[in-house]
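So the sequences go chain by chain: A, B, C, D and E.
Number 86 in the numbering used here belongs to position 86 of the first sequence; there are no gaps in the numbering.
Number 67 in the numbering used here belongs to position 67 of the second sequence; there are no gaps in the numbering.
Number 104 in the numbering used here belongs to position 104 of the third sequence; there are no gaps in the numbering.
Number 303 in the numbering used here belongs to position 303 of the fourth sequence; there are no gaps in the numbering.
Number 84 in the numbering used here belongs to position 84 of the fifth sequence; there are no gaps in the numbering.
Don't take every hint at face value.
Using C-beta positions, here's what the derived DEER-type ranges look like [said to hold, decoys possible]:
id: 1; chain 1: E; residue 1: SER21; chain 2: A; residue 2: PRO31; range: 50 to 56 Å
id: 2; chain 1: A; residue 1: SER60; chain 2: E; residue 2: PHE11; range: 20 to 26 Å
id: 3; chain 1: D; residue 1: ARG125; chain 2: E; residue 2: SER89; range: 19 to 25 Å
id: 4; chain 1: B; residue 1: LYS332; chain 2: D; residue 2: GLU394; range: 28 to 34 Å
Per the computed footprint, the stretches of chain B lying under chain A, defined by three or more beta-carbons under 8 Å from a beta-carbon of chain A, are [to be verified]:
id: 5; region: 186–198
id: 6; region: 209–217
For lysine-lysine, the following DSBU-like pairs were computed, each having C-alpha atoms within a straight-line distance of at most 30 Å [unchecked claim]:
id: 7; chain 1: D; residue 1: LYS249; chain 2: B; residue 2: LYS326
id: 8; chain 1: B; residue 1: LYS101; chain 2: B; residue 2: LYS193
id: 9; chain 1: B; residue 1: LYS148; chain 2: C; residue 2: LYS330
id: 10; chain 1: D; residue 1: LYS6; chain 2: B; residue 2: LYS107
id: 11; chain 1: B; residue 1: LYS326; chain 2: A; residue 2: LYS17
id: 12; chain 1: E; residue 1: LYS129; chain 2: D; residue 2: LYS441
id: 13; chain 1: B; residue 1: LYS193; chain 2: A; residue 2: LYS17
id: 14; chain 1: C; residue 1: LYS306; chain 2: D; residue 2: LYS441
id: 15; chain 1: A; residue 1: LYS17; chain 2: D; residue 2: LYS118
id: 16; chain 1: E; residue 1: LYS227; chain 2: E; residue 2: LYS193
Note that these hints are calculated values from the structure, not bench results.
Just so you know, even glycine gets a beta-carbon here, dropped at the ideal spot from N, CA and C.
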Amino acid sequence: MSEPFLIGDSMTGGYGKGPDILHDCTIAVNPGEIAVIVGPNGAGKSTAMKAVFGMLNVRSGAVRLGGEDITTLSPQERVIKGMGFVPQTSNIFTSMTVEENLEMGAFIRTDDFSDTMDQVYHLFPILKDKRHQAAGELSGGQRQQVAVGRALMTKPKVLMLDEPTAGVSPIVMDELFDRIIEVSRTGLPILMVEQNAKQALEIADKGYVLVQGANAYTGTGQELLADPEVRKSFLGG
Amino acid sequence: MDFLNAFVALSNFVLIPGIAYGSQLALGALGVTLIYGILRFSNFAHGDTMAFGTMVVILFTWLFQSWGISAGPLPTALLALPIGIVATMALVLVTDKAVFKFYREQKAKPVVFVMVSLGVMFMMNGLVRFIIGPGDQRFGDGERFIIKAGTFKKMTGLDEGLAIKTSQGITVVTAIIVVALLFWFLNKTRTGKSMRAYSDNEDLALLSGINPERVVMITWLIVAALATIAGTLYGLDKSFKPFTYFQLLLPIFAAAIVGGLGSPLGAIAGGFVIAMSEVMITYAWKKVGGYILPESLEPEGLAQLLSTDYKFAVSFAILVVVLLFKPTGIFKGKAV
Amino acid sequence: EGQPKEVKLGILFGFTGPIESLAPTMASGAELAMSEVSESGKLFDGATVTPLRADTGCIDNGLATANAEKLIAEGASGIVGGDCSGVTGAILQNVAIPNGMVMISPSASSPGLTSMEDNGLFFRTTPSDARQGEIMASILADRGVDSIAITYTNNDYGKGLADSIQSSFEAAGGEVTIVTAHEDGKGDYSAEVAALASAGGDILVVAGYLDQGGLGIIQGALDTGAFDTFGLPDGMIGDSLPTNVGSDLNGSFGQIAGSDSEGAEIFAGKASELGFDGTSAYSPESYDAAALFLLAMQASGSVDPKDYVSKITEVANAPGEKINPGELGKALEILANGGEIDYEGATGVNLIGPGESAGSFREIEVQDGKNVTVKFR
Amino acid sequence: MSDTLKHTLLFAFVGLLLLLEGTTTAFGVFSGSWNSSLTILNMGLISAIMALGVNLQWGFAGLFNVGIMGFTALGGLAVVLTSMSPTPGAWEAGGQRILLALVLGAATIAAAIYTYRKLAAGLTRTVAMLAILIIGFVIYRAVLDPGVAAVESINPALEGNIGGLGLPVLLAWPLGGLLAAGVAWMIGKTALGLRSDYLAIATLGIAEIIIAVLKNEDWLSRGVKNVVGLPRPLPYEVDLQGDPAFVEKAASWGLDATTASTLYVKLGYSLMFTAVLLVLLWMAQMALKSPWGRMMRAIRDNEVAANAMGKHVTRRHLQIFILGSAICGVAGAMMTTLDSQLTPGTYNPLRFTFLIWVMVIVGGSGNNFGSVLGGLLVWFLWIKVEPMGVMLIELVTSGMSEDSGLRAHLLESAAHMRLFTMGLVLLLVLRFSPRGLIPEK
Amino acid sequence: MIVVEDLHKHFGGFHAVDGASLEIAKGSITGLIGPNGAGKTTLFNVVAGVLPPTSGRVLMDGEDITGLPPHELFHKGLLRTFQIAHEFSSMTCRENLMMVPGNQSGETLWNTWFGRKRIADEERALRAKADEVLEFLTISHIADLKAGEISGGQKKLLELGRTMMVDAKIVFLDEVGAGVNRTLLYTIADAIKRLNEERGYTFVVIEHDMEFIGRLCDPVIVMAEGKKLAEGTLDEIKANDQVIEAYLGTGLKNKDKLQGADA
Ligand SMILES: Nc1ncnc2c1ncn2[C@@H]1O[C@H](COP(=O)(O)OP(=O)(O)OP(=O)(O)O)[C@@H](O)[C@H]1O
Ligand SMILES: Nc1ncnc2c1ncn2[C@@H]1O[C@H](COP(=O)(O)OP(=O)(O)OP(=O)(O)O)[C@@H](O)[C@H]1O
Ligand SMILES: [Mg+2]
Ligand SMILES: [Mg+2]
């Protein structure tokens, strides 16, 4: 198998001087693919995402994007290389309006991004109503929509989402997954962490199960869904 | 009854000085509020930054004067102002690199920043006194008055005079321009918005591709400019003495807080609230009363609510009252 | 016997803090007297005098007492200081009296210090406020002033002086329209000027300091046209005031301690040679304070406070040969030969009662941008 | 190195500094005088107590109180009101009137608050409140002013105030705490709803108001004219020097009477202050390690959640605000006792508020031992940066020629090295331990 | 048990809760669902005393509790969790739990100095209780970690754990499930059920996971635009067209495309 487009390869590391959270953990995604990471709480899923994005030091292992080693780049440099990320928590600018949040998503873009913004508003109509409201005043689910919208504004080369559907209503979740599929159809690789694992694995090309910072199971989405052990331990039976 | 004289007296002693002082406080408060809004700490070194900037302006003003360069009716200091601003910019950038950056990387708590800024304050304190000494410096020149009290009396034939100093005029005009610019910059430009984004959520700003160091740098540059302008105008209007500038910190912070930390409009409003309350509440209304009230009602005493001994107490009392009703200031400031 | 080759004198002023702009010239004044004595070679057998500077912060009792202890530890034989009355009291009570150390303050004029139990260890070269108030009232009366407004710097000097001017002036039948304080070190005096203007009065008496709030008040009053003549007590007399204010100050008047000797001018001349402003507040008083120490030591032949303390009043007062600034060498020689002197110094020193300066005064008027002595009182 | 060892070493270091100050003149920084060393120690102990009070408020509960100066001054006022003897005739002349006026003033405010609570928002309420306040103010001034004038006219140069109760001065320490606590209660009731820097500036302002009152209400404590010669809990040095028994005792230790007497008094204060400090430290430490401390930390971390978990946040804030302020009041009373005088003009925020904050932060906020260490160490530096600064200047100028103008200028400005060096030291300490020397666990 | 009468909560001109009236029966586990921004959290906040209502009343066991502050409601047995976790970040997870019970004698200053024995005993019991809860939530291993340094889902569990530290009468759970691993979530569902059956707690649960709601809740209330839209069993709700349109949706549209492409 050739080298994947984005790969966090055998990453080991943790926060600051604390203990290692990740142990030889590998995650990767290719263009047109949706890769989903699942696992118990505290397994290190978010940590793995942050490691790929350069927000913590990996003690060993490497991160490569399009064959280029970006292990030493700062998060901001990775953004410029075309990586987009929606963190799990504090993922919006609470004091800025919804519209400004989206504009900030497009910060590195120099072209006209008004049509991208229209697309986001089309995807999340509620945001259009609230475009001039401070994002901090939104409901939990609305915030989540802003966060995802912000990442889409970047027009990234690879999109990383940490639990994008946490707290959104079923109808919006379906919309969101639809949109994610659509986006991935355009060739954009998508790496996401999900606790709504069943739905997520159904649309996933590739699934990782992380346990205690290490890869426990890896396979296609369908494979994992079919694995009784995985179902029982991580997908709620 | 003589409303005209009453109004002129009130303007001369209360309104005009109050407005000028208010603008000076406002310009100072803008710097404080900006640091708070974007870098999220109360910068106690601001008074001494103002002193430093003003000092450089003074030194160059003297140099220009010795060369015979002047700005006609305007103070020569205005010509030296850009140099002062540049020097102050250099100073704050160096300070930031040498001191504050470390704590930003550590993600230290705001109170640690406050203490660090106290340390910086002490050092700048020493630096300024080293260079120019602790004494009083005067550097105003050019036309001192736009209109003099005596001239006004002759012109209008009124009993009361009205004086407007050039420095007062410049202060007010500058304050208006600077605020408008700043407001536009922060709310409408990309860089301005990125600064607000940074202040809101540093990590996320990073993820949006905003260069935090650039945001910090621009903030300091603006603050340096504001501090130098504020300090120079204050010095032109009153006089320059390092200790006074340090003392100025208190009303400046009061202004920034009443207005709402982080809000440029609030800084302006706060500056006027503080300045006006100092002057108004302790004003002896005797003279004004004498003009507008009928003879029989003329006040016997001074008609003064509180003696001027309490002017700071009054402005702080008003501050506390405002905060009780608007806990984060008039313009809904931030709180970290 | 054991007369030292080096005499150390402490200089304990507020080099930082509210009066930091006054302290350096005060210290220079004191050091001028010391170097004069050293250079004369007449003290003991050619002893040199070494100044030891230390800071009071003006308003920091803790710092001031710690530094006073330090001066004593370093071997100071006397302390020129302190400056602000608060710290002066603290040093006196907690360091000087317990250690039997003599203090001569050039600037603490509070009447409260007069009554303090000081074991005869405390002196000052600045006259007490009560006396100056009477003088000022009589000057005002002579000039036909009917009503005055008073503003004072909000410390014991200003407050005491204002009180005494008010009571003396009212006793003489004048009207005081308002008495209001101003704080030094705050640049804006709009509120004070507004209140003073509203109250009105023939002239405005400014019981403050010429390079502190007093200057700001005068500037503000002139700018707004509130007052055009000012009454200037000693804290406001100095060359820098007419220079800074300009011709508008002409016609204002006041008084400062000084006899009809030329002491003040001589001192100012010597000071400007050395590059400091000898008319700055309390600089001459500081010179006198240091000089008194050294003269008293010479007279007693000892640097032990116990021995020389009794000589301080002796050298300061008549009988004896009058001594002006610059004549310290001569004075030392007279004393060495067992003669008597009457030290006049830069401020016409004359000590009365418990270490107080009696103070004769010069009436000053600003003419053509200069302080001119018009009369002695 | 274990934490305990490190912390012990830090305290030992401060001890060593004081020891050096007492014994050697080496390094140009120390003065080799035990008197000097004990003077520094005594103020250091008081500072440590203040730091403890501030740490209680900030470290435990996250209250940003920048009004320490005001509470310190109130403690000082308590000393005057407790220990001075009453001014003869003042009470009859105007004292009662003043008291009445104060009661009326309080009644006015109470009435205004009552009206505010009872009436619904609207024009009526505003008008009613304004009317009550204005009429109340006029009556208050009408009653107060003659009383004040009467009291202040009694021998104004030396007295002019109502004097005190003539009680033993040691009683003033707890009473100072009580007075500060009372005022803290009033402030807390009104201002504790404010957050972070808003609370800070409000308390700063209130402290300024307290000082303004002290400076200008001469009938109370002579205003800027200062009260000097306050009684002391310890004998006067001159009396000791005149006491043959003491002189003999001193001689038997090989000390002359002057040195012995000054050391005796200072040591006496050191012991008293240390005792107070230890008691307060023990109490603070016990409180911190108990469920009460846990609750406070929870409130500091997240008020909303603590409130939802049944903790009465406002009441707890008030409680700790009062406690911390009372401690500052006690320290203020101790300081005024040590100075033997009340000098309202000396209270300024840099020295009495921000310096204390520096102590807390440098020591390590949230940690009681840290505050004590910070208090002692920073006070030592505050005194000693002056010679250090001069040394620095001499070092810099040593290479320059004798008559260089720059050299003269620098030497002339040496006094300003004090604050400069303070800044430098502060930055260095915070650089190498940003969370303080003894951080919160 | 809880009756909400015509409750309004306006933010400026925006009516977040707009005349909602509902009743929560004693001993029930009531589900509260509705589109994002329907006003569920706001309703919780008003009932729990965090926000003052614009108008309307809240009754608990017949007693008017409108506008009571949260700490008083806590002592009346009303507890809540937060949608966005509100942990005490500088305290350990165990301490996060131990601080919950009210009226601890160690919370009085006097006792911290003079009642140390009693405190020690109480603390031992509390600690045991906290460990039990941690064990139950399968997070014993993080007991001594600072709550600020645990994962998002773990914070959610801790949030839930706090409500288990005391004997509550009614517990409001705001999306405990968001971000929690499904296997664990269903374990939690069982626990809630147990608390409900064995200890008689009443629960109100906001959740967007229908499977979770289905396992647990009866009845289910649907809110939309600040009002009650429907109420009934989950099956009834699922059949309601309005609810489908506003909230549930009809599943993935692109799913077929996806499968097709893979094939
Ligand atoms: N402080 C506020 N200021 C202005 N509007 C607010 C504020 N808080 C909430 N809102 C608005 O009120 C509405 C209801 O919000 P709420 O948080 O109650 O929704 P919710 O039903 O809990 O949604 P979710 O399922 O997404 O959590 C939202 O549209 C939100 O934008
Ligand atoms: N900022 C941090 N500092 C130190 N340790 C952390 C930090 N954030 C997380 N951890 C630790 O790292 C481990 C993994 O956390 P992570 O957030 O990656 O989990 P996760 O798999 O995303 O869980 P969840 O599904 O609950 O979000 C946790 O045990 C947690 O204790
Ligand atoms: Mg996670
Ligand atoms: Mg919600």
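A quick look at each hint next to the structure:
no., hint, result
1, SER21(E) with PRO31(A): 50 to 56 Å, "holds (53 Å)"
2, SER60(A) with PHE11(E): 20 to 26 Å, "violated (50 Å)"
3, ARG125(D) with SER89(E): 19 to 25 Å, "violated (42 Å)"
4, LYS332(B) with GLU394(D): 28 to 34 Å, "violated (53 Å)"
5, 186–198, "holds (count 5)"
6, 209–217, "holds (count 4)"
7, LYS249(D) with LYS326(B), "violated (66 Å)"
8, LYS101(B) with LYS193(B), "holds (22 Å)"
9, LYS148(B) with LYS330(C), "violated (55 Å)"
10, LYS6(D) with LYS107(B), "holds (25 Å)"
11, LYS326(B) with LYS17(A), "violated (43 Å)"
12, LYS129(E) with LYS441(D), "holds (24 Å)"
13, LYS193(B) with LYS17(A), "violated (34 Å)"
14, LYS306(C) with LYS441(D), "violated (56 Å)"
15, LYS17(A) with LYS118(D), "violated (58 Å)"
16, LYS227(E) with LYS193(E), "holds (27 Å)"
The structure shown violates the earlier hints numbered 2, 3, 4, 7, 9, 11, 13, 14 and 15.
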